[in-house]
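Engineer: What follows is each chain in one-letter form.
2 protein chains.
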Amino acid sequence: MGARSLTTVESHRAFEGEVRRYRHRSDTLDCDMGFACFLPPQALAGQKVPVLYWLSGLTCDDTNFITKAGAQRKLAERGIMVVCPDTSPRGCNLPGEDDSYDFGSGAGFYLTATTEHYRDHYKMDTYVTQELPQLVAEIQPHNTNQVGILGHSMGGLGALNLFLKNRNQYHSVSAFAPICNPTNCPWGRRAFEGYLGPDEAAWEAYDPVCLLRQTNLDDLPPILVSQGTADPFLEEHLHDWALPKHANIDVRREPGYDHSYYFISTFIDQHIDHHWRILQAGAANP
Amino acid sequence: MGARSLTTVESHRAFEGEVRRYRHRSDTLDCDMGFACFLPPQALAGQKVPVLYWLSGLTCDDTNFITKAGAQRKLAERGIMVVCPDTSPRGCNLPGEDDSYDFGSGAGFYLTATTEHYRDHYKMDTYVTQELPQLVAEIQPHNTNQVGILGHSMGGLGALNLFLKNRNQYHSVSAFAPICNPTNCPWGRRAFEGYLGPDEAAWEAYDPVCLLRQTNLDDLPPILVSQGTADPFLEEHLHDWALPKHANIDVRREPGYDHSYYFISTFIDQHIDHHWRILQAGAANP
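Read top to bottom, the protein sequences are chains A and B. Here the first sequence is numbered in the working numbering, starting from 3 and rising by one per residue. Here the second sequence is numbered in the working numbering, starting from 3 and rising by one per residue.
Simulated from the structure, these hints should not be mistaken for lab results. Treat the numbers as computed from the prediction; the structure is a model and nothing was measured. Do not rely on the hints blindly, as some may be mistaken.
Because identical chains share one entry, a pair is satisfied inside a single copy or across any pair of copies.
Unchecked claim - With a straight-line cut-off of 20 Å between C-alpha atoms, the simulated EDC-like cross-links for lysine to aspartate or glutamate are:
(1) Lys76 x Glu140
(2) Lys247 x Asp220
(3) Lys167 x Asp104
(4) Lys70 x Glu202
(5) Lys70 x Glu140
(6) Lys70 x Glu133
(7) Lys76 x Asp275
(8) Lys76 x Glu118
(9) Lys70 x Asp220
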C-alpha cells in the first residue's frame with residue numbers, strides 16, 4: 003500500500019497546525035473510506051509526536067470530532083496528533099445496511115462481524131488497529147510508543163475494547179459516555195446479534211465490562227470516563243455503574259451534561275491532558 | 003411581545019453555562035425565525051453580563067457558530083453571553099428566494115430591502131438591532147452598556163455596518179474575513195441589486211468602506227479584523243485592503259488561514275478578549 007493510495011479531500015490551517023481529510027480504498031473493509039486528522043504545529047515542523055485515535059458514536063462520521071469538539075487548541079498546545087476514522091464501512095449494499103441509525107452504516111461497533119453479508123465488510127477493529135495506523139505512518143512519522151485511544155458512546159465502547167485487546171499498541175485510553183456493557187443494553191444486543199449471531203458467548207469479546215473482568219486492573223494505566231448525568235441514554239444504554247470500582251478507573255459524573263458535543267467540548271481538554279500525562283511518562287520510560 | 007412568544011428548541015449544558023436554541027414568530031420579518039445563544043455560568047447565577055451578537059456568513063444559520071467556533075470556553079471564562087441570529091428570513095415563498103447560495107435564503111445581508119417582494123420580509127438590520135434585543139432581554143437581563151457585535155464574511159459586513167450605524171447601541175466590533183466593500187464585489191453587487199434595486203447610490207448605506215469614509219475614525223473604539231491569507235474569497239469578494247488605514251482599524255492578516263470555521267476557531271479567543279477589554283472599560287465609565 004503506497005502513499006498514492008491516499009487522496010487529500012480537504013486541508014485547513016488551524017491553530018498553526020493543519021486539519022486534513024483523506025479518502026482511500028480500504029483493503030480490510032473492501033470499500034472506500036474517509037478519515038480526518040489534525041496535525042499539530044510540532045508535527046508540521048518535523049517532530050515525531052504522540053497520536054490519539056478518536057472513535058465516534060452512532061450516526062457520526064469522520065468529521066464530527068474535528069468540527070465540533072474544540073480540541074485543536076489543546077492538541078496544538080500539547081503537540082499531539084489526532085486521527086478520526088469513520089464509524090463503519092459505507093456503501094456496501096448489504097441487506098439492512100441503511101435501515102436504522104443503530105445498525106449498519108454509521109454503526110460499525112468497532113468489531114469483526116461473523117454473520118452472512120456483514121462478515122465481508124464489517125471489520126472495523128482490524129481497520130482501526132492495523133490498516134489505519136499504516137496510513138497514518140505515511141502521513142506523519144510519529145512515536146509508536148506514545149499512542150492513545152478515546153471515543154464517545156459507541157466509540158467509547160470501541161476505545162475501551164481496542165485498548166484492552168491491544169495493550170502493546172495503545173498506551174492510554176479514555177471515554178465519553180461509553181456503552182459500558184453492550185451485552186446488557188438494547189443498542190449492544192441488537193448490534194451484536196446482527197454482526198455476531200445469536201451465540202451470546204461470542205458477544206463478550208466486545209463488551210468492556212466483560213473484558214475488564216478478565217484483566218488485572220492493577221496493571222492498567224489510569225482510565226478516564228466522563229459521563230453526563232443528564233445524558234438521555236445513560237439509564238437504558240450506557241450503564242457506567244457496571245464498570246468495576248477500582249482506583250485505576252476514574253468515572254467522572256458531570257452534573258447536568260448530556261450526550262452532545264457540547265458535553266465533549268467542555269471536557270475534552272481534561273481528556274487530552276489525561277493522555278498527555280500518561281504518554282509523556284511512557285516516552286520517558288520506553 | 004411576551005416571553006410566551008419564545009419556544010425553546012434545544013438546551014445543552016456547556017462549560018457550566020448553557021447553549022440554547024429558540025424559535026419565535028418575527029413581527030419584523032413576518033415569518034418564523036430561530037436563534038441560538040450561550041449563557042455563561044455568571045448569567046445562570048443571576049449576574050448581568052455583557053452580550054455579543056454574532057452574525058454568520060452566506061449559507062449559514064443560527065447553529066454554525068455555536069457548534070463549530072469553539073467559543074464557549076472563553077465566553078464562560080470572561081462571563082459573556084453570545085447571541086447568534088439566522089442569516090435571513092426563511093420560507094417566505096418569494097421569487098428566486100432559494101435559487102442560489104448568495105441571494106435570498108441564507109443571504110439576507112443584514113439590510114432593509116426595498117425591491118418588490120423582498121421589501122415585505124428582508125429587514126434583517128431591523129430584526130437584529132430592534133426585535134432580537136427585546137427577545138434577548140426576556141431571556142437574560144444584561145448590561146445594555148456592554149454590547150458588542152461581530153461576524154464572519156457577510157456577517158462581518160453586517161457587524162461593521164450595524165456598529166457604524168448604531169453607535170449608541172453597540173460598544174465594540176470585530177470581524178472575520180468581512181466583505182469590506184460590497185459595492186465593488188460580485189457578492190455585494192448581486193445582493194444589493196436584488197434587495198435595493200439598480201440605484202447604486204442607495205447601496206452605499208450598506209458598504210462598510212463607504213460608511214467609514216463618513217466617520218471620524220479618531221472617535222472609534224479599536225476595530226479588529228482578522229483575514230486569512232489563504233482565503234479563496236479574499237481577492238474577488240472580501241478586499242480588506244479597501245479599509246482605511248488608521249490606528250483604530252487593526253487588520254490582522256493570518257498566514258495560511260482560509261475562510262472556514264477552523265480559521266474562526268483559531269482566533270475567536272483573540273476576538274472575545276478584544277470585546278471584553280473594550281466592554282470592561284465602558285462599564286467602568288458608563
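Engineer: Hint numbers the structure violates, sorted upward?
Structural biologist: 1, 3, 4, 5, 6, 8, 9
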